[in-house]
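Given next are the chains, with one letter for each unit.
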Amino acid sequence: MDSVSPTSEIAVETRGLSKTFGSKVAVRDLSLAVGRGEIFGFLGPNGAGKSTSIKMLLGLVRPSGGEGFVLGAPISDVAVRRRIGFLPEDFRFYDWLTARELVTLHGRLCGMTTARLAVRAPDVIDLVGLSPHLDRRVRGFSKGMLQRLGLAQALVHEPDLVFLDEPTSGLDPMGRRLVRDILRDQRARGATIFLNSHLLSEIEVTCDRVVFIKDGAVVAGHDLRADQRGELRVVVRTGNLSGHAVEGLARWTTSVRVEPEALIMTVSSPAAIPDAVRHLVASDVDIFEVVPERVPLEELFVRIMGEDPGL
Amino acid sequence: MRSVWIMAGVTFREAARRKILWTALIAGALLLAIFAIALRVQVHEFQSRAMSPFVRYQVESGMLMIGLYTCDLLAVVLTILTSLDTLAGEISSGTIAAIATKPMARWQILGGKFLGFAGMSAAYVCLTFGGAVAVAYAATGVLPVHPARGVLLIVFECLEALSVTLLLGTRFSSLTSGVLALGLQGVAFMGGWLEQVSGFSQSADIVTLGVASSLIMPGESLWRRAAYEMQTPLAGSLSFSPFANVSIPSGTALVYAAVYLTVVIAAAVWHFGRRDL
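In order, the protein sequences belong to chains A and B.
Residue numbering for the first sequence follows this note's numbering, starting at 1 and increasing by one per position.
Residue numbering for the second sequence follows this note's numbering, starting at 1001 and increasing by one per position.
Note that these hints are calculated values from the structure, not bench results.
We put the CB at the ideal spot given by N, CA and C, even for glycine.
Mixed in with the good hints there might be a few duds.
[Said to hold, decoys possible] Cβ pair distances, simulated, as ranges:
id: 1; chain 1: B; residue 1: W1005; chain 2: A; residue 2: F21; range: 32 to 40 Å
id: 2; chain 1: B; residue 1: G1089; chain 2: A; residue 2: S269; range: 21 to 29 Å
id: 3; chain 1: B; residue 1: L1175; chain 2: A; residue 2: G65; range: 29 to 37 Å
id: 4; chain 1: A; residue 1: D90; chain 2: B; residue 2: L1127; range: 54 to 62 Å
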């Protein structure tokens, strides 16, 4: 991926960032740029180096090589973290605090005044749907409630950049929808979201752009906003399909698969569909149905990552 | 400094909630109760027979020092046990990730934790020390000669133990840190006794061993200096005990302890600042 200067338009940038633990390479030459106001998805299989990358961007892990910038400042800069929120995977904190105390403490550490937090803490706890538990000790919270509270502490100071590591992993469907809405609200106010998640269906409906990371290196990027005008999968229910008709589709398609009841082809743009259908009709193929659909992210993921080699 | 004080506050509250603190408070209360009973029995025994005021003062002063020495041991062990989990435990559980990504340097996190535990230890020392002195004064009328110096030196000893525990916590697991911190405390204890023995044996090797042990962990020498400050010279000169004046740690030993504390804290800051979390 091309490198971009750390300008005001870039929220996160890395250039050749790498991390090794002894002889193990966790992150290899990571170069990426995330624009301001984007919801950015960071995808990869277990052990690909996603969490280590996020930890380097947040100053938790020292890079072995390369450089990184967040909101225009080097990743070692402490002051810039005032404008950054972070929800760690499996968020946990002192469980004797109440929800209000926990969020207030994190807000104070981010430089907020007690007076401001007296208003803001209940508001952000309400935002994540925990108002009824405002003054309850965290000890009795379920995993999903802790995850929501973690999101509240990440957002309490209205950061410009939010890193979320598996934010919906412990949530029920209602909770996931809530997080999705919150992320969209955050983007609407101009915040950038850097999202690390295994839930591809969530990423698909939330993110503007994704990159795939494998064995510590970026292997592909994908702009989900461009999908409407980009690659599509078209399911065509046919009859009387001939080999000649299928071979002729190569001109408009990137892949073709024949199944008993349907022909499944992939086109690089919607504009190719009418020509492909005209070709089938001209080849005396009976057409009952043509259904264009986006290539599911999961399919893209498997295609890029390859089959699971097992653990 | 605002972040340091916020961290100190939450650390103090965290420490105050630990069961070990309440256990130590109960142990301290039990100690004071036993101490009060022992003093009462002793005073009663003195009254039943003719006793030279000199010998009586010697015994009562010695008993006060026994009470204060127990307070000292309890405070040091409490300091180690409450603080050993604060870095290692939070690193292994991931709790530290939500703190270390806030706009504050790692040294501020460590500084806040140090101040929080230091406050708890100081409060515990004041409480138990004050209790022991009050009990002894009520029963016998004996007071330490320089109680403020004694308290400060005992708190200083707790800070030595705290700094070593925090340094170990930046590198090792909670369990390993605890074993090593208590082990070092054992070295300090042995060093103190060896230096006492050397006062009688005149063996250069024993002196060297005692001094070397006290250099590795100077905590016990701070107690012996505290004992020296709290007794009259006469009371301290006639016994072979952890509070005898046979081998009094010098001003240089105190300076060494201060340098030791500074170096250990600096090493903890350096290592915590560089390590991956």
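Against the structure, the hints come out as follows:
Take W1005 of chain B and F21 of chain A: their Cβ atoms lie about 35 Å apart, and the range 32 to 40 Å holds. Distance hint check: the CB atoms of G1089 of chain B and S269 of chain A are about 55 Å apart, inconsistent with the given range 21 to 29 Å. Taking 29 to 37 Å as the suggested C-beta distance range, the pair L1175 of chain B and G65 of chain A conforms, at roughly 34 Å. Checked against the given bound of 54 to 62 Å, the beta carbons of D90 of chain A and L1127 of chain B, roughly 38 Å apart, lie outside it.
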